[in-house]
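Engineer: Each chain, letter by letter, is given below.
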Amino acid sequence: MTFTLPTLPYAHDALEKAIDKTTMEIHHGRHHKAYVDNLNAAIQGRSEFDGQSIEAILAKAATLPDDIRQKVINNGGGHANHTLFWETMSPNGGGDPSGVLADAITSTFGDLATLKQKVKEAALARFGSGWSWVVVSGGKLEILSTANQDSPLMHGKTPILGVDVWEHAYYLRYQNKRADYVDAFWHVINWSDVAARFQKAGH
Amino acid sequence: MRTPDRRDALRVALAGGAAMLLPKAVVAQEAAFSLPKLPYSFDALEPHIDAKTMEIHWGRHHKAYVDNLNKALAGKGEWEKKTIEEILKSIADVPAPVRQAVINNGGGHHNHSLFWASMGPKAGGEPTGPLAKAIDAAFESFAKFQAKLTAAGMTRFGSGWAWLVSDDKGKLDVISTANQDSPLMMTPVLTPLLGVDVWEHAYYLKYQNKRADYLAAWFKTVDWKVVAERHAKAGK
Ligand SMILES: [Fe+2]
Ligand SMILES: [Fe+2]
Chain A
1 MTFTLPTLPY
11 AHDALEKAID
21 KTTMEIHHGR
31 HHKAYVDNLN
41 AAIQGRSEFD
51 GQSIEAILAK
61 AATLPDDIRQ
71 KVINNGGGHA
81 NHTLFWETMS
91 PNGGGDPSGV
101 LADAITSTFG
111 DLATLKQKVK
121 EAALARFGSG
131 WSWVVVSGGK
141 LEILSTANQD
151 SPLMHGKTPI
161 LGVDVWEHAY
171 YLRYQNKRAD
181 YVDAFWHVIN
191 WSDVAARFQK
201 AGH
Chain B
1 MRTPDRRDAL
11 RVALAGGAAM
21 LLPKAVVAQE
31 AAFSLPKLPY
41 SFDALEPHID
51 AKTMEIHWGR
61 HHKAYVDNLN
71 KALAGKGEWE
81 KKTIEEILKS
91 IADVPAPVRQ
101 AVINNGGGHH
111 NHSLFWASMG
121 PKAGGEPTGP
131 LAKAIDAAFE
141 SFAKFQAKLT
151 AAGMTRFGSG
161 WAWLVSDDKG
171 KLDVISTANQ
181 DSPLMMTPVL
191 TPLLGVDVWE
201 HAYYLKYQNK
211 RADYLAAWFK
221 TVDWKVVAER
231 HAKAGK
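Order-wise, the sequence lines are chains A and B.
Numbered according to this note's numbering, the first sequence spans residues 1 to 203.
Numbered according to this note's numbering, the second sequence spans residues 1 to 236.
These are computed hints drawn from the structure, not numbers from a lab.
There may be inaccurate statements among the hints.
Covered stretches of chain A, going by a simulated chain B footprint (3 or more residues, C-beta under 8 Å) [said to hold, decoys possible]:
| # | stretch |
| --- | --- |
| 1 | 130-138 |
| 2 | 168-175 |
Pairs of lysine-lysine residues, derived as DSBU-like cross-links and limited to a Cα-Cα distance of at most 30 Å, are as follows [what the hints assert, rightly or not]:
| # | chain 1 | residue 1 | chain 2 | residue 2 |
| --- | --- | --- | --- | --- |
| 3 | A | Lys157 | A | Lys71 |
| 4 | A | Lys71 | B | Lys210 |
| 5 | B | Lys206 | A | Lys71 |
| 6 | A | Lys17 | B | Lys210 |
| 7 | B | Lys148 | A | Lys71 |
| 8 | A | Lys177 | B | Lys37 |
| 9 | B | Lys52 | A | Lys33 |
| 10 | A | Lys120 | B | Lys233 |
| 11 | A | Lys177 | B | Lys71 |
| 12 | B | Lys52 | B | Lys37 |
| 13 | A | Lys33 | A | Lys17 |
| 14 | A | Lys157 | A | Lys33 |
| 15 | A | Lys60 | A | Lys177 |
| 16 | B | Lys81 | B | Lys210 |
| 17 | B | Lys210 | A | Lys120 |
Note that the structure is a prediction, hence the values are computed from the model and not measured.
All C-beta atoms in this analysis are idealised placements derived from N, C-alpha and C, irrespective of residue type, glycine included.
This is chain A alone, in the form it adopts within the complex (with noise of 0.2 Å):
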């Protein structure tokens, strides 16, 4: 089986009061789509994976074969990642979140102004390439942050929202100051998919 490059769910410049449109094309047309390629090239010629969901894959991403368990971590959490990354942003997005996530926000955080501030700190403090996240594990959110492309879904847990703070996502806008990137971030968040995520995950 082979995965591929899900489209855009909007416009290259539909995210533009936080994303430039050169970087969406970029960063999905060639960073995503060398990804999911990789993923492909790693993966070829092996039955075991036929019908196998990425998320399923990353989940057992420990007991892998040795000679492609990197490759399969470094693009199929890519992969994955980036798709959340997409689904999770919409022109229409920022806002509050409501019903059973915002309780959860509330419950968990005191407040929405907290759980941003963490995810910020998460990703300032995540040194070199890697991801801010919020996550559910046992039912109840956490946020962390992972080195380069590593999926919690590696550890257990499930990622319902993700900041990508790999300089590419923010280069050519903001160049060094990551922290106005993830500030711009939050015009674009899409809660009410961040939501249906939270639920799926069975908080």
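Fit chain B with the ligands to the supplied structure of chain A, relying on the hints for placement.
Structural biologist: Same frame as chain A, now just chain B with the ligands:
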């Protein structure tokens, strides 16, 4: 090669007896490490590396490593007096609460200092003399060395560096390190002779995702005289 920083200026002053004239409070407030001056203008490496990248890479990224290194070591008297090479070589002895900050920012400071000094506007080509011989001995040919260093840069997933290093006998190898990890932190210590920054910030404005194009262009900026001097010192 060691980039002179503020402490060297103070040491020179001390040696000349002029330190007596410096108010102690001023000396105490001097940061232990400082951003070295670029040995050429921002646009000197065009078209291989663009002026804007140089300006941001040196003036913001490298500066942040220096500032954060100073913060990490502030008030740690004996560590502030060491050279950055000495610190990185004895990284395991750096106090645990600040060790990772020193690895990241001390590594960042030293790696970038080496990086600027080993590039130049009228550079590129191939090395000559003992370094050329050592490269042939280790890699068969300059072309094979170039391919190996390029491959090390290309296969570093995420942020890091690709290096030409020497052991204490002058034997060469190519390695890559993650993030700002320095070859000096390795056991046994490896001496970096030439490094190429493959963090995306090093090339994204001009090359975007095309790291291979950046690496090919970067070779045209290498000042082999500087690398040969480092090699001569490392093999002693
Ligand atoms: Fe990315
Ligand atoms: Fe750099």
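Engineer: Does each hint hold? Answer for all of them.
Structural biologist: Outcome of the hint check:
With 1 residues having a beta carbon nearer than 8 Å to a beta carbon of chain B, the stretch 130-138 of chain A misses the requirement of three or more and the stated coverage is violated. Beta-carbon proximity to chain B at under 8 Å applies to 4 residues in the stretch 168-175 of chain A; the threshold of 3 is reached and the given coverage holds. For a cut-off of 30 Å, the pair hint linking A/Lys157 to A/Lys71 stands: about 21 Å separates their Cα positions. The straight-line distance between the Cα atoms of A/Lys71 and B/Lys210 is roughly 19 Å, inside the 30 Å bound, and the hint therefore holds.
At roughly 27 Å between alpha-carbon atoms, B/Lys206 and A/Lys71 fall within 30 Å of each other, so this suggested pair holds. As the CA atoms of A/Lys17 and B/Lys210 are separated by approximately 26 Å, the hinted pair is consistent with the 30 Å bound. The straight-line distance between the Cα atoms of B/Lys148 and A/Lys71 is roughly 20 Å, inside the 30 Å bound, and the hint therefore holds. The straight-line distance between the Cα atoms of A/Lys177 and B/Lys37 is roughly 23 Å, inside the 30 Å bound, and the hint therefore holds.
Restraint check for B/Lys52 and A/Lys33: satisfied, since their Cα atoms lie roughly 28 Å apart, inside the 30 Å limit. Of the pairs offered as hints, the one joining A/Lys120 and B/Lys233 is violated, with about 44 Å between alpha carbons and a cut-off of 30 Å exceeded. For a cut-off of 30 Å, the pair hint linking A/Lys177 to B/Lys71 stands: about 20 Å separates their Cα positions. With a C-alpha separation of about 16 Å, the suggested pair B/Lys52 and B/Lys37 falls inside the 30 Å cut-off, and the hint holds.
Annotation: proposed proximity of A/Lys33 to A/Lys17 holds, straight-line Cα distance about 24 Å (limit 30 Å). For a cut-off of 30 Å, the pair hint linking A/Lys157 to A/Lys33 stands: about 25 Å separates their Cα positions. A hinted pair counts as satisfied when its Cα atoms are at most 30 Å apart, and A/Lys60 with A/Lys177 does not qualify at roughly 35 Å. With a CA separation close to 41 Å, the supplied pair B/Lys81 and B/Lys210 exceeds the 30 Å bound.
The suggested pairing of B/Lys210 with A/Lys120 holds, with an alpha-carbon distance near 28 Å, which does not exceed 30 Å.
Checked against the numbered hints above, the structure violates hints 1, 10, 15 and 16; every other hint is satisfied.
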